[in-house]
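Novice: For what it's worth, the UniProt record's numbering labels the leading residue of the sequence shown as 1, then goes sequentially.
Incorrect hints may have been included.
Calculated lysine-lysine pairs in the DSSO-like style (CA-CA distance at most 27 Å, straight line) [claimed, not checked]:
hint : residue 1 : residue 2
1    : 20        : 53
2    : 132       : 27
3    : 20        : 164
4    : 27        : 53
It is worth saying that the hints were derived from the structure and are not from the lab. Just so we're clear, the structure is a prediction, and the values are computed from it rather than from any experiment.
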Amino acid sequence: MKHLLSIYILVFFVSCSAIKVSYDYDKETEFSAYSTYNYYPDMDTGLSELDTKRLLRAIDSTLRGKGFLLSEEPEFLIGIVSSSFQAPRNNTVGVGIGGGGGNVGGGMSIGLPVGATNIKREIQFDFVDSQKDELFWQAVTVSSLKENSSPQEREKKIRALVVKAFEKYPPKK
């Protein structure tokens, strides 16, 4: 029984912190033609300055590990946009009351939301060919946002997000 409870707790925490990623890309793109990158100048990511630095460091580290080089004359540019939103609550408790007498009856019920508000952050990564100015790959991540996280927690979360977002780049055709 103890092991079963431990598994439920683990699944609960893993599911709460899941990073969801959706991908899209131009199937005509020859991804092997790209080996150097840079970021759009004066890019406004929508993140705090410190989180933007963490994000760029994580991207540089991840892409370097895949054999890409940061360059002043890049073959593709990376654009980053983020936004926060409140996700709908998935948990409710139903409360109802009813009664009757003889041939007459009636009732009423309502659903009450349970739990704290769930703030999510969406970060979109666009890879754009620097010569053609055409989008050729995109990843959109959605994850939980905790504003009161420590710097170490933020670093860890951002690194995990980038690894997850870029794990399917370049795509296998």
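Novice: Holds or violated: residue 27 with residue 53, Cα cutoff 27 Å?
Specialist: Roughly 31 Å between the alpha carbons, so the hint for residue 27 and residue 53 is violated.
Novice: Given the hint that residue 20 pairs with residue 164, does the C-alpha gap stay at or below 27 Å?
Specialist: holds (8 Å)
Novice: Straight-line Cα separation of residue 132 and residue 27 no greater than 27 Å?
Specialist: Holds, at roughly 16 Å.
Novice: Is residue 20 within 27 Å of residue 53, Cα to Cα?
Specialist: holds (22 Å)
When the structure is compared with the earlier hints, a violation turns up for hint 4 alone.
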